[in-house]
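*Asks:* Here are the chains, one letter per residue:
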Amino acid sequence: MSGIVGIVIVSHSPKVAEGAAEMARQMVGDLVPLAHCGGDPTGGLGTDPERIRRAIDAVWSEAGVAVFVDLGGAEMNAEMAIEMLEEARRGRVRICNAPLVEGAVVAAAEASSGSDLDAVCRVAEDFNP
Amino acid sequence: MDSDLVAELIDRATRLITEHAEELTALDRAIGDGDHGINMKRGFEAVREDAERLARLDLGGALQQAGMILVRTVGGASGPLYGSLLMGMGRAAGEGAPPPALLAAGIEMVKRRGKADRGCKTMLDVLIPVQETLAQASEGPRPELLRRLRETADRALEETRDMLATRGRASFLGERSRGHLDPGAASSRLLVHAVCDVLEAVA
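These protein sequence lines are chains D and W, in that order.
My numbering puts the first sequence at residues 1 to 129.
My numbering puts the second sequence at residues 130 to 332.
Watch out, some of these pointers could steer you wrong.
Capping the alpha-carbon separation at 30 angstroms, the derived lysine-lysine pairs in BS3-like fashion look like this [claimed, not checked]:
| id | chain 1 | residue 1 | chain 2 | residue 2 |
| --- | --- | --- | --- | --- |
| 1 | D | Lys15 | W | Lys170 |
| 2 | W | Lys244 | W | Lys170 |
| 3 | D | Lys15 | W | Lys244 |
| 4 | W | Lys240 | W | Lys170 |
Hints are computed from structural coordinates only; laboratory data are not their basis.
Only a predicted model underlies this, so the values are computations on that prediction, with no experimental measurement involved.
Please construct the entire structure, taking both the sequences and the accompanying hints into account.
*Replies:* Written as structure tokens, this is what we have:
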């Protein structure tokens, strides 16, 4: 699969999402498509499936997208966002079972070397600080 | 018939959730992140804003669309959970399922979405017993059925008090999650009451 795996960071807190994205960006610059979102539809703490879907769209390529989430609601809303995608894309977007900040940073680094989606997720999920 | 029913269900559910929003938030503050009431209120008010359009759909379509609105507007974990409940019920209603099967289909979606089951101290601890009562008693006289559904929901909510939470934020508290009612179970009880209120009025 050609292209660079995209990274999406989803936190209940817009500031956490932004900060985590900034840390990942510091590692990989503009090499890796990276999007972040946080906050509920009114801007309070929470997550919003529609915004998550747009973030996935923003970094989408055939190489796929690795999504990092913080707490339960973020994971469920990310699942809903993936279900909103057109069917052909759904299988190429994966929620990684990894801590948000550490996972996103190591995944971005792995993606920047051109690794495929499986490898990017594996590195993030196996990461042991 | 469907259109009056849908409009009344939306109105009654929104009213009960709104009236009890403070209480739900207080329960959630004790063992969660303290936003359940306000999130549910926002979601149901958004559904009510669309009530006219929803009331023109059949029950299945209205439930599915209302579920989507909750998913988009609630923001917390309850958005995808209640959204999944209504969407699951809506799909079953579209296939002509009778009420017990309809609720069962919604519950299946909640279980899958929340990776939870009975006994985790969640909304399922009200919905599952209510579904069982509905399945056992749906052939009986309606006033008796509604009374039993309300009683089941009340008792089931009370039973969450001593449960240990194993899903959701409350699970982070471990043993300290005991001694508090579950907020999701409390909002589910309200919705059961809302449905019973409406069905009582049309009986």
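*Asks:* I'd like to know which numbered hints this structure contradicts. Please list them from smallest to largest.
*Replies:* Of the numbered hints given earlier, the structure breaks none, since each of them holds.
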